[in-house]
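Put together the whole structure using the sequences plus the hints.
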Amino acid sequence: MNPFPACSPGKQNLRKMQGFWILLLAVHIISLHLDSCAAFTTTKTNHEELMYGQQLSIRLPAEAYKLEFMSVDRSETEVLWTRFSITKKGIVLGSNSNKEFVLRSVTFEDQGTYTLFNHWNQKLSIHLLKVVAKRSIQNCVAGESLNIYLSGLAKNDATLHFSNQDFSLTLVERGSPVGNLHPEYMGRVQVTKTSIEVLNVNVSDVGNYTLSDRLNRTIKIISMNLVDYPEGVNAAPFMGLLMLLGIPSCMFCYCRKKGCRKNSQPTTTTINTTTNTVNYDNQINPPGPPPGYPAAPTPGYSPGYPAVGESIVHPPPNPTFPPQQPYSGYPATSPAMPPNPGYSPGYPAVGESIVHPPPNPTFPPQQPYSGYPATSPAMPPNPVPQNPAMYTGANIFNSSDSAVQFSINMGKDSSSNFL
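Counting in numbering that gives the first Met the number 0, the sequence shown runs from 0 upward without gaps.
The set of hints was computed from the structure by calculation and includes no laboratory data.
A couple of the hints might just be wrong.
Pairs of lysine to aspartate or glutamate residues, derived as EDC-like cross-links and limited to a Cα-Cα distance of at most 20 angstroms, are as follows [stated by the list, open to error]:
| id | residue 1 | residue 2 |
| --- | --- | --- |
| 1 | K98 | D72 |
| 2 | K192 | D156 |
| 3 | K122 | E77 |
| 4 | K43 | E99 |
| 5 | K154 | E143 |
| 6 | K98 | E62 |
| 7 | K154 | E196 |
| 8 | K129 | E143 |
| 9 | K133 | E47 |
| 10 | K122 | E108 |
| 11 | K122 | E62 |
| 12 | K192 | D212 |
| 13 | K154 | E99 |
| 14 | K129 | E172 |
| 15 | K65 | E77 |
| 16 | K192 | D165 |
| 17 | K88 | E67 |
| 18 | K87 | E108 |
| 19 | K87 | E99 |
| 20 | K129 | E75 |
Using C-beta positions, here's what the derived DEER-type ranges look like [said to hold, decoys possible]:
| id | residue 1 | residue 2 | range |
| --- | --- | --- | --- |
| 21 | T217 | S70 | 31 to 37 angstroms |
| 22 | G93 | M69 | 20 to 26 angstroms |
| 23 | N207 | K87 | 33 to 39 angstroms |
| 24 | P60 | F166 | 33 to 39 angstroms |
| 25 | N224 | L168 | 17 to 23 angstroms |
| 26 | E108 | I29 | 43 to 49 angstroms |
| 27 | S162 | S70 | 16 to 22 angstroms |
| 28 | R14 | L92 | 51 to 57 angstroms |
Glycine included, every Cβ here is placed at the ideal spot set by N, Cα and C.
Shown next, in the form of structure tokens:
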């Protein structure tokens with residue numbers, strides 16, 4: 000007989016279900032413990048130091064449940080954000096695991112500790128914020144205005160103080176432009192809800208401008224410098240874009256113009272011309288270049304008589320000019336003319352053919368020389384040339400007159416051979 004009676008199938012199923020739930024509860028407890036340990040070990044502390052007016056961003060992970068703020072003096076604690084409520088300060092950007100809590104412009108009141116908690120009120124991260132004064136340099140042109148923005152500071156809490164090497168002066172006190180009472184700044188200080196403006200700056204305004212709040216905490220320090228020209232926009236990107244677009248266009252236009260010029264060049268035809276030389280009658284053209292005759296007679300020169308038995312050689316005429324008229328002076332056969340009379344340099348030899356240089360092509364041909372120089376005032380007027388009369392004397396070659404004898408010596412008698 001079995002001391003342990005068999006259990007019914009219904010009881011066996013109930014026991015199995017109880018064991019399953021016990022196991023599931025144990026797993027859940029272990030997971031919670033592991034999460035708490037992980038959360039405890041992964042808590043990070045971040046130190047943030049921002050200038051007055053900058054932006055604060057805190058990442059909100061998926062397990063984040065709330066964000067709590069505590070002031071520096073621990074006198075104030077405030078919940079800024081929870082998963083199921085609207086933020087009291089700042090804004091939340093993004094969705095799901097990419098959420099961020101953002102403060103657009105931090106002030107000294109925002110200094111303190113920001114702690115992020117999960118659903119079991121365990122710390123996920125800690126952010127320690129410190130706000131410092133902002134320092135900047137601003138360049139102004141003489142005659143322009145200096146703008147100092149309040150960066151979230153209330154108008155009635157703003158105080159502006161000016162200082163340089165010469166003196167110091169409070170321009171704005173709790174939002175009131177007290178600097179207008181000073182002769183140097185009379186009517187030049189204006190205060191608005193967002194900025195403080197100093198009009199018509201000059202050399203005396205160069206210095207440091209310190210903006211502070213109602214607790215005399217320095218918010219920003221601005222160093223103002225005076226320049227000759229305003230700060231312009233950097234033109235380097237625009238010049239690069241202009242070159243990038245202009246160089247290909249210029250190359251295209253140049254190549255196109257060069258191609259059009261090459262296609263529009265006219266065809267050059269070379270025509271060989273033959274030079275024909277016309278020779279005048281009764282002229283001799285010696286080989287070689289023509290001799291270099293002077294263009295005009297040499298001043299003060301009178302040709303003399305040739306020596307006895309010397310033949311007068313005339314240069315060949317210039318082929319480019321017509322032949323000159325022969326000399327028509329005294330007849331060469333006149334028996335009364337002595338063989339070589341004495342003469343002055345102004346008279347040419349009787350019967351001598353005077354050679355004239357070729358006339359200048361730029362002047363008309365001159366009258367033939369008549370034997371007397373035209374420039375001599377002491378000479379008689381030139382005789383009119385006449386045609387020579389027929390010679391009526393005796394013919395010495397055919398005459399039989401004994402008074403006239405022409406003897407040719409064949410070399411035997413040298414006394415009478417004068418040739």
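We went through each hint and held it up to the structure:
1. For the suggested pair K98 and D72, the alpha carbons sit about 29 angstroms apart, so the restraint of at most 20 angstroms is broken.
2. With a C-alpha separation of about 11 angstroms, the suggested pairing of K192 with D156 holds against the 20 angstroms cut-off.
3. With a C-alpha separation of about 16 angstroms, the suggested pair K122 and E77 falls inside the 20 angstroms cut-off, and the hint holds.
4. Restraint check for K43 and E99: satisfied, since their Cα atoms lie roughly 17 angstroms apart, inside the 20 angstroms limit.
5. For the hint pairing K154 with E143, the CA-to-CA distance comes to about 23 angstroms; that exceeds 20 angstroms, so the pair is violated.
6. Distance hint between K98 and E62 is fulfilled; the C-alpha atoms sit about 11 angstroms from each other, no more than 20 angstroms.
7. For the hint pairing K154 with E196, the CA-to-CA distance comes to about 13 angstroms; that is within 20 angstroms, so the pair holds.
8. At most 20 angstroms may separate the alpha-carbon atoms for a hinted pair to count; K129 and E143 exceed this at roughly 35 angstroms.
9. With a C-alpha separation of about 15 angstroms, the suggested pairing of K133 with E47 holds against the 20 angstroms cut-off.
10. Restraint check for K122 and E108: not satisfied, since their Cα atoms lie roughly 23 angstroms apart, outside the 20 angstroms limit.
11. The hinted pair formed by K122 and E62 meets the criterion: a straight-line CA distance of about 11 angstroms does not exceed 20 angstroms.
12. Of the supplied pair hints, the one linking K192 and D212 holds, its CA atoms being roughly 14 angstroms apart against a limit of 20 angstroms.
13. Restraint check for K154 and E99: not satisfied, since their Cα atoms lie roughly 30 angstroms apart, outside the 20 angstroms limit.
14. At roughly 26 angstroms between alpha-carbon atoms, K129 and E172 are farther apart than 20 angstroms, so this suggested pair is violated.
15. A C-alpha spacing of about 11 angstroms is found between K65 and E77, which places the hinted pair at or below 20 angstroms, so the restraint holds.
16. Distance hint between K192 and D165 is unfulfilled; the C-alpha atoms sit about 30 angstroms from each other, more than 20 angstroms.
17. Simply put, K88 and E67 have alpha-carbon atoms about 11 angstroms apart, close enough for the 20 angstroms limit, and the pair holds.
18. Pair hint K87 plus E108 holds up; C-alpha atoms about 15 angstroms apart against a cutoff of 20 angstroms.
19. A threshold of 20 angstroms between alpha carbons decides the hint, and for K87 with E99 the separation of about 15 angstroms falls inside it, so the pair holds.
20. Between K129 and E75 the CA atoms are separated by roughly 16 angstroms; this keeps the pair inside 20 angstroms, and the hint holds.
21. Distance hint check: the CB atoms of T217 and S70 are about 20 angstroms apart, inconsistent with the given range 31 to 37 angstroms.
22. For the hinted restraint 20 to 26 angstroms between G93 and M69, the CB-CB distance of approximately 25 angstroms keeps it satisfied.
23. The supplied range of 33 to 39 angstroms is met by N207 and K87, whose beta-carbon atoms lie about 37 angstroms from each other.
24. The supplied range of 33 to 39 angstroms is broken by P60 and F166, whose beta-carbon atoms lie about 55 angstroms from each other.
25. Taking 17 to 23 angstroms as the suggested C-beta distance range, the pair N224 and L168 conforms, at roughly 19 angstroms.
26. Between E108 and I29 the CB atoms are about 44 angstroms apart, so this pair conforms to the stated range of 43 to 49 angstroms.
27. Separation of S162 from S70 is about 32 angstroms and departs from the stated range, judged on CB atoms against 16 to 22 angstroms.
28. In this structure the supplied range 51 to 57 angstroms holds for R14 paired with L92, their Cβ-Cβ distance being about 54 angstroms.
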